[in-house]
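There are 2 protein chains.
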Amino acid sequence: MALNEFGLIQRYFQGLTPAATQVTLGIGDDAAVLSLPPGHELVWSIDTLVEGVHFAERADPVALGHKALAVNLSDLAAMGADPHGVLLALTLPHADERWCQGFAEGFGALAVACGIPLVGGDMTRGPRAISVTVLGRVPQGSAVQRQGAQPGDHVTVTGPLGDAALALRLGTAAPEALRTALDRPSPHLAAGRVLRAFASAAIDVSDGLMADLQHLCTASRVGAVIRTRDLPRSDAFAAATSGADAVALQASGGDDYVLCATVPPAHLAPAQAALRAAGLPPLQVIGEVNAGDTARLMDEAGRAVVLNATGYRHY
Amino acid sequence: MALNEFGLIQRYFQGLTPAATQVTLGIGDDAAVLSLPPGHELVWSIDTLVEGVHFAERADPVALGHKALAVNLSDLAAMGADPHGVLLALTLPHADERWCQGFAEGFGALAVACGIPLVGGDMTRGPRAISVTVLGRVPQGSAVQRQGAQPGDHVTVTGPLGDAALALRLGTAAPEALRTALDRPSPHLAAGRVLRAFASAAIDVSDGLMADLQHLCTASRVGAVIRTRDLPRSDAFAAATSGADAVALQASGGDDYVLCATVPPAHLAPAQAALRAAGLPPLQVIGEVNAGDTARLMDEAGRAVVLNATGYRHY
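If you read the protein sequences in the order shown, they are chains A and B.
Going by the working numbering, the first sequence opens with residue 84, and the numbers climb by one from there.
Going by the working numbering, the second sequence opens with residue 84, and the numbers climb by one from there.
It should be emphasised that the hints constitute simulated quantities derived from the structure, not laboratory data.
Computed from a prediction, not measured in an experiment: that's the story for all the values here.
Idealized CB from N, CA, C, for every residue including glycine.
Don't take every hint at face value.
To be verified - Facing chain B, according to a computed beta carbon distance under 8 Å, are these residues of chain A, among others:
(1) Leu108
(2) Ile110
(3) Gly135
(4) Asp158
(5) Gln184
(6) Ser214
(7) Asp313
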């Protein structure tokens with residue numbers, strides 16, 4: 084280790100999250116030891132964020148700590164999993180105490196809010212990068228997968244689309260609400276937990292709605308039609324955009340970290356009731372699954388909308 | 084994703100390891116889903132290797148694939164865990180098919196040999212780095228920790244010391260056997276599995292024997308004395324070094340990936356019998372745990388040997 088790994092870990096990461104019953108052995112050994120309640124399965128994911136690719140050199144470390152954990156928790160949310168534990172592997176050019184303190188603050192606050200214990204990790208020298216790996220748990224057999232959508236299912240999302248993409252475009256001119264969506268997305272864990280009883284398939288929206296929905300369609304061997312007029316917008320988004328531009332941001336912008344779930348018609352009302360009972364916003368129905376193989380977008384006049392890198396056009 | 088992530092993953096990593104009963108859902112969803120047999124706990128670790136820090140730009144990708152997995156499996160071995168699953172996060176400057184093919188070959192061969200399924204991961208663009216996270220399983224309560232060593236316990240190692248450090252020093256002049264120890268270490272999983280019934284504490288030797296033993300001593304709140312004459316040497320090592328130089332390489336060289344385990348006197352004979360029954364080499368007793376707080380090295384005349392960055396000296 085070129086860094087003073089032990090000093091930094093002890094100072095900023097040990098004790099960052101409260102004790103949790105599933106943790107037999109946390110930070111400081113060759114590995115962490117965790118228990119799993121009987122009748123449960125593990126859900127497991129890793130994501131890496133690289134400086135200059137996923138975040139700028141001067142990015143606020145507090146926001147980065149939040150986002151590095153949030154994007155991983157969003158994967159757990161998509162599977163309907165409850166957070167179980169997290170490991171953090173940091174690569175840093177030098178032992179930067181100020182950066183570590185900020186990062187730990189953002190990471191720790193979200194970890195505590197979501198009830199996920201930090202149980203170990205790794206710290207090494209090199210070009211700045213952050214690898215986070217999360218474990219979740221689900222009752223055996225209840226994980227929501229990308230496969231499982233059936234023709235006739237509703238396509239739904241758990242929150243507004245386009246906020247993060249608009250914030251990225253507006254830069255420093257972005258209103259606070261949009262900026263928060265980009266820098267500090269809230270993983271939709273509670274909605275995912277409810278959806279595991281009702282969704283036929285799900286994915287989290289990170290690359291952009293239509294791209295991610297296509298992944299779900301491919302895994303499920305189905306197609307889907309999405310109506311542009313039903314894509315949900317936040318108030319801040321609606322105030323700052325209009326028309327064609329808005330559709331492109333919403334359908335292909337990415338970084339939304341809402342869930343896109345397919346729900347059989349008979350499950351929709353019970354799902355909405357369960358979300359209401361949990362104090363969560365209702366699902367937004369944005370389209371339907373069909374027997375094709377492609378996720379398509381349709382405007383208010385019923386014409387196909389094709390998105391490309393610079394926007395979208397009608398056919 | 085700047086890389087054509089899906090193409091590379093499908094081509095080189097999907098199907099790399101055979102199906103395993105514990106894998107409910109493998110590569111290709113938001114997360115992997117794994118089961119855990121009743122009465123078991125999880126052992127979980129992550130390690131990152133960075134180009135220019137842990138490996139050279141021109142390092143053989145096959146050897147690198149092996150080593151990236153081996154150093155993680157060595158952490159499982161130290162805990163006495165059986166391999167359960169692995170996730171691979173690759174950061175690459177560009178979609179380098181040749182490199183991926185080599186890396187997958189080395190990684191896959193060791194994964195198959197050790198019976199650990201590759202169940203997912205992440206691929207992204209950036210300065211070359213490899214994060215591997217492994218899950219292992221142990222019968223509940225049987226993980227071997229760094230804490231637990233008691234005064235009077237034997238200090239043992241599961242294999243020879245110094246081969247990798249000597250290979251590093253000799254460079255291209257290193258004989259094949261030493262080169263293999265450096266580039267393709269074999270994680271001591273089988274020995275770790277036997278030791279979980281007999282060891283009071285254990286750690287894997289990655290930073291160097293005395294440094295890692297000090298971590299074990301600190302966690303166990305004990306000291307230890309190690310005898311230089313009892314440090315085990317491979318034939319290739321003995322043929323290429325002598326005297327003082329050999330001791331420094333063995334005691335502080337690092338990258339050995341053998342296990343250092345403390346064993347109560349009453350457990351030593353049964354541990355040796357169990358290792359023999361499993362077809363494994365015997366433990367080498369290299370010293371004893373005492374009531375102090377420091378791991379010390381002693382020469383044949385009973386004098387303390389102090390290692391420093393440039394070698395060692397007598398006091």
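Looking back at the hints listed earlier, which ones does the structure fail to meet? Of the numbered hints, 2, 5, 7 do not hold.
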